[in-house]
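Chemist: The chain contents come next:
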Amino acid sequence: MTAATPTAPGAFVSRTTGASRRNRPARRPASIAAQVFMITATVLWITPVVFALYVSLRPEKSTNKYGYVSMPHGGFTFSNFSNAWTQSDMLRFFENSVRITVPAVIITLLLASAVAFIVSRVSFKLNIALLIVFTAGNLLPQQVLITPLFRIYLAIHLPHFLSSSGLLYNSYFGLIVINVAFQLGFCVFVLSNYMKTIPGEMYEAAVVDGASLWTRYWRLTLPLCRPALAAMATLLTTWIYNDFFWAITLISTGNKRPITSALANLQGQFVSNQNMIAAAALIAAIPTLVVYVLLQKQFIAGLSLGSSKG
Amino acid sequence: MSDSESGTPGAQSPMSRRSVLKGLAGAAGLAVVPGALLEACSSKKPAAASSSSAAAAPSTSAAASSAAAAPSTSAAAAPSSSAAAGGSITFGSNYSDAATKAAFQTIVDATTKQTGVQVTVNTTDHNTFQNNISTYLQGTPDDLATWFAGYRLQFFAAQNLLTPIDDVWDKIGANFNDAGKSLSKGLDGHYYMVPLYNYPWVVFYNKSVFTAKGYTVPATWADFIALAKKMKTDGLIPIAFADKDGWPALGTFDIINLRTNGYDFHIQLMKHQVPWTDKRVADVFNQWAEILPYCQSGATGRIWQDAAKALENKQAGMMFQGSNQVAANYAPENLADLDFFVYPTINTAYGTDFMDAPTDGFMLPKKAKNVAAAKAVLEYIGSADAEAAFLATDKYDVGLANGLNAPTYSDIQKKAVVEIGKCKNVSQFMDRDTIPDMATAMIKLIQGFIDNPSASNIAALQKSAETQAKTIFTA
Amino acid sequence: MRTLSRRDKVVLGVLLGVPLLVDLVFVWFPAFATIALSFTKWSGVNGVNFFKPCKAGGLPGVPHPGCFFGTQNYHQAFNSGITPDFRPAVEHNAIWLLVFILIATPLGMLFAVVIDRGIAGSRIYQSVLFLPVMLSLALIGIIWELIYSQNLGLVNTLIGRNGNGNAIDWLGNPHLNLWSVLVEATWRQAGYVMVLYLAGLKAVDSTLREAAVIDGSNGWQTFWRVIFPVMRPINIVVLVVTVIESLRAFDLVYITSKSNVLPGLELLSISITQNIVGETQRIGFGSALGVVLLVISLVPISIFLYQNFRVEEKR
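Chains as they are written, first to last, in the numbering used here: chain A, 12 to 321; chain B, 10 to 484; chain C, 40 to 354.
FYI, nobody ran anything at the bench for these hints, they're computed from the structure.
None of these values were measured; they are calculated from a predicted model.
Hints may be right or wrong, so weigh each one.
Said to hold, decoys possible - Below, a list of computed lysine-lysine pairs in the DSSO-like style, where the Cα atoms sit at most 30 Å apart:
# : chain 1 : residue 1 : chain 2 : residue 2
1 : B       : K238      : B       : K323
2 : B       : K110      : A       : K72
3 : B       : K323      : A       : K72
4 : B       : K222      : B       : K238
As the list claims (entries may be wrong) - Computed Cβ-Cβ distance ranges for the label pairs, DEER-style:
#  : chain 1 : residue 1 : chain 2 : residue 2 : range
5  : B       : N466      : A       : I139      : 50 to 60 Å
6  : A       : I139      : C       : R162      : 38 to 48 Å
7  : C       : P92       : A       : R103      : 32 to 42 Å
8  : B       : D118      : A       : E106      : 25 to 35 Å
9  : A       : S93       : B       : D287      : 54 to 64 Å
10 : A       : L305      : C       : G202      : 37 to 47 Å
11 : B       : K239      : C       : H214      : 25 to 35 Å
12 : B       : N343      : A       : Q46       : 47 to 57 Å
13 : B       : K239      : C       : L215      : 26 to 36 Å
14 : C       : G199      : A       : L102      : 40 to 50 Å
Said to hold, decoys possible - If you want the ones that stay clear, here's a sample from chain A, every Cβ over 12 Å from chain C, calculated:
#  : residue
15 : S90
16 : L156
17 : P210
Glycine included, each C-beta is placed from N, C-alpha and C at the ideal position.
Whenever a hint applies, use it, and build me the whole structure from the sequences.
Modeler: Shown next, in the form of structure tokens:
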């Protein structure tokens with residue numbers, strides 16, 4: 012699902028002392044059993060993706076005749092990919108995704124870090140209450156919110172430079188706003204946990220030096236949070252990019268949709284050509300796969316941030 | 010994407026409008042009329058008098074005869090492209106399949122040429138478009154939108170979401186017969202739509218297969234079942250069948266109901282003037298249960314495009330669906346082999362007098378931005394010329410305008426005109442003849458029936474339909 | 040307590056106020072509005088008046104402007120004659136939850152435990168098992184449709200049931216399709232749980248394990264008796280995540296049923312969406328269903344909040 016749920020509170024995990032933990036009293040049968048189990052699982056797990064790739068590389072005539080599970084009669088072809096790209100205007104959908112995801116991630120991080128800073132560093136009676144407000148809001152299923160939300164979107168008017176439709180509904184700005192609002196909770200939660208681990212002395216020194224609140228936030232805290240911010244950025248990018256529900260319900264014009272929800276449109280458009288749809292789906296998956304390959308560490312760190320106590 | 014619209018955005022705060030009461034009062038005042046209109050809407054064929062065909066005078070219906078007599082010269086009065094003031098509009102379209110999309114583009118191009126109005130087409134996938142229509146109309150609709158005739162149109166008109174286009178009809182009224190006119194009206198008697206085409210729901214088959222295997226077109230139910238049996242032993246799927254989208258199966262219900270119980274009962278059922286627990290409804294399902302074993306299994310998991318493929322690949326012998334779907338889906342090189350026959354007789358009292366022939370057209374949303382240009386476009390579309398332009402690329406629908414000269418008609422289209430013309434009455438299809446919620450309820454129930462066509466399930470299904478109908482039909 | 044300068048107070052207001060406003064307006068207000076709207080009957084057009092009770096009359100099927108409907112929506116929802124989808128939807132959500140709790144989550148935990156023990160190839164296993172989590176659920180639905188395709192798909196071809204007469208309809212048959220979709224959901228959920236659990240495992244104090252080994256317990260005993268109890272907070276988190284993810288089930292089913300409601304795949308989230316993203320909208324009724332979902336969701340949410348913030352206060 013697109014939004015995540017926070018993990019338990021506690022210190023930020025940076026323990027990597029693994030060496031001493033590895034039990035190596037070699038229990039042969041257990042080891043072999045474990046290997047077999049993992050290999051089987053891995054093969055099963057990768058099969059769907061490989062299969063989809065295989066289908067997308069086969070020409071439609073060949074699969075219509077022989078099925079998807081057949082030797083590659085008719086050879087391989089990239090035509091499904093090129094057709095999917097050109098005929099379905101995928102570039103525009105990618106642009107839409109970028110227009111929504113990039114601002115949303117940046118704004119979310121800014122707002123969430125601001126709240127996290129206040130809540131973790133400025134003693135406040137309401138700190139816990141605020142945290143609860145943010146965290147709980149993020150845990151609600153999207154469908155609970157959608158009915159009134161969508162009426163709100165129809166009611167709020169925007170100037171034309173913000174929204175071509177004149178309303179919050181059916182606009183990029185509208186999607187950015189809801190993604191920000193919906194991801195805020197998790198971000199606040201994680202960042203506040205992280206910020207709590209920054210030693211208090213640094214702030215006291217800053218105060219002594221006469222640093223204002225803003226400076227303490229912008230110049231002191233944020234740079235120290237870089238790892239956490241990077242991790243969250245990775246997570247948020249993936250989740251907002253993968254979002255499906257908000258785009259389906261809050262954007263009605265087909266070609267304003269970001270790529271993930273545009274796939275539903277494409278399914279309807281190329282309904283008889285499953286090979287092309289598979290190709291389109293795989294193209295849409297590329298950015299997440301890039302993140303996955305390059306930034307897996309950050310992504311997992313983001314998920315584990317704040318997980319478990321020592 | 011930018012809407013290159015001019016004019017101020019139609020900013021109406023939805024929270025404050027009360028004028029729906031006006032519309033409803035008007036409609037309520039005409040309480041007598043809607044019933045009659047609904048009948049009229051569903052009745053009749055488009056007197057698409059293709060010039061060459063002598064069948065242009067199907068005189069069996071009162072409504073048609075007067076119009077059919079209209080000389081083809083009236084169509085020559087193409088809507089004066091006086092409003093060719095230019096400007097640009099956006100056009101929301103649900104013509105998402107490749108063939109229909111291409112045909113739509115043809116008429117858009119012809120429109121621009123004729124009226125000087127620039128048209129930007131926003132295509133949305135078919136199902137999504139329908140699902141979003143209410144929000145779409147309330148939010149930021151295009152200047153024109155594709156839609157369907159029947160209750161589905163009147164429903165939205167009655168909620169004040171469409172602009173009445175009586176002024177457009179003043180100009181194009183002469184091009185259509187009474188049936189075409191009443192199909193385009195709302196419950197309040199005003200016009201809300203300009204029709205473009207309609208198409209029949211019939212049983213398709215491949216001529217070559219029938220010749221090769223020595224099949225003959227069945228005229229009665231008994232023949233139909235016998236043919237299906239024969240096809241099965243010959244290794245074919247007798248009837249290709251798909252119901253993942255839910256609505257295709259409604260067509261079969263409609264036609265069996267029309268054949269078994271007649272047009273009047275069908276319309277009464279659609280308007281819930283007779284209960285769903287009526288014995289005659291059970292008769293329909295029992296009749297259906299006889300042919301169901303010969304219908305392709307796994308229907309709820311199959312989209313109709315795949316069923317059509319099965320027919321095209323000659324794995325299936327027949328398929329009952331609209332020409333707008335099956336013929337549209339055929340590869341051009343196979344189209345010559347495609348033919349159809351009307352659903353066989355079940356009850357000799359009604360013969361093959363009726364069928365579903367849904368009409369599609371265009372409507373003008375209330376919140377359209379460039380109304381003047383949109384109306385200019387509509388004036389052009391409501392003409393024989395425009396229909397001919399559309400039908401040049403569309404090989405499976407038939408137009409409705411009087412005096413339509415469509416030399417590009419394929420055999421299927423010519424036959425469709427004839428067969429629709431032979432009908433005493435024509436209905437629009439369940440999801441347009443009844444309240445949309447009721448159609449949705451029936452979709453689910455019929456999917457359950459397909460899964461389990463036993464007598465007890467039929468009884469349960471009827472009961473459920475009636476309970477839901479009671480809630481849906483109370484205002 | 041640091042004293043804040045005036046300027047600081049303004050900054051504080053902005054830093055806190057803007058996000059709070061966004062959250063309140065776009066998350067909390069709708070949540071409460073759902074509750075309010077559930078007592079109305081409204082087709083979504085032309086505004087709603089909370090103080091005007093709905094009255095009968097008028098043309099059948101043509102909706103009145105929004106009005107106050109009392110608890111009728113709830114009566115209609117729970118009446119299976121009027122809303123035959125409701126009971127199946129709740130049942131399916133329950134099944135989804137059970138499958139997650141009994142199969143997907145334990146599977147993920149198992150993966151995590153095995154990988155944590157440091158077998159060769161861990162990196163590859165982890166990467167592969169985690170891949171589905173990166174993919175959008177819509178994509179997952181599309182990919183698996185290829186596998187489940189009746190005549191051409193992987194499953195039917197391998198088991199020889201891909202002919203026209205004997206094909207198994209994995210996604211259309213109402214007795215099968217929920218399970219087919221649950222396989223897809225498990226495929227993804229297991230990897231997600233695995234990563235969460237791995238993080239938790241890594242953070243377990245190594246001295247605990249060493250002590251257990253010294254005491255002579257083998258791998259499994261070490262896990263069950265020593266590590267698992269210590270991971271109670273993580274276990275609770277994983278459980279809460281599982282429950283919430285199962286309540287969120289939507290994308291997969293929506294893309295599989297192509298926005299219709301296929302028998303066998305009814306879900307609360309789908310029903311709610313149908314009442315808004317549908318040709319005729321039933322705002323009040325959809326909100327009532329939303330409230331049902333909200334009430335059910337409050338259980339895991341409360342558990343989570345209690346677990347986390349109680350612990351916080353203890354510090």
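Chemist: Of the hints stated earlier, which fail here?
Modeler: As far as the earlier hints go, 7 and 16 are violated by this structure, in ascending order.
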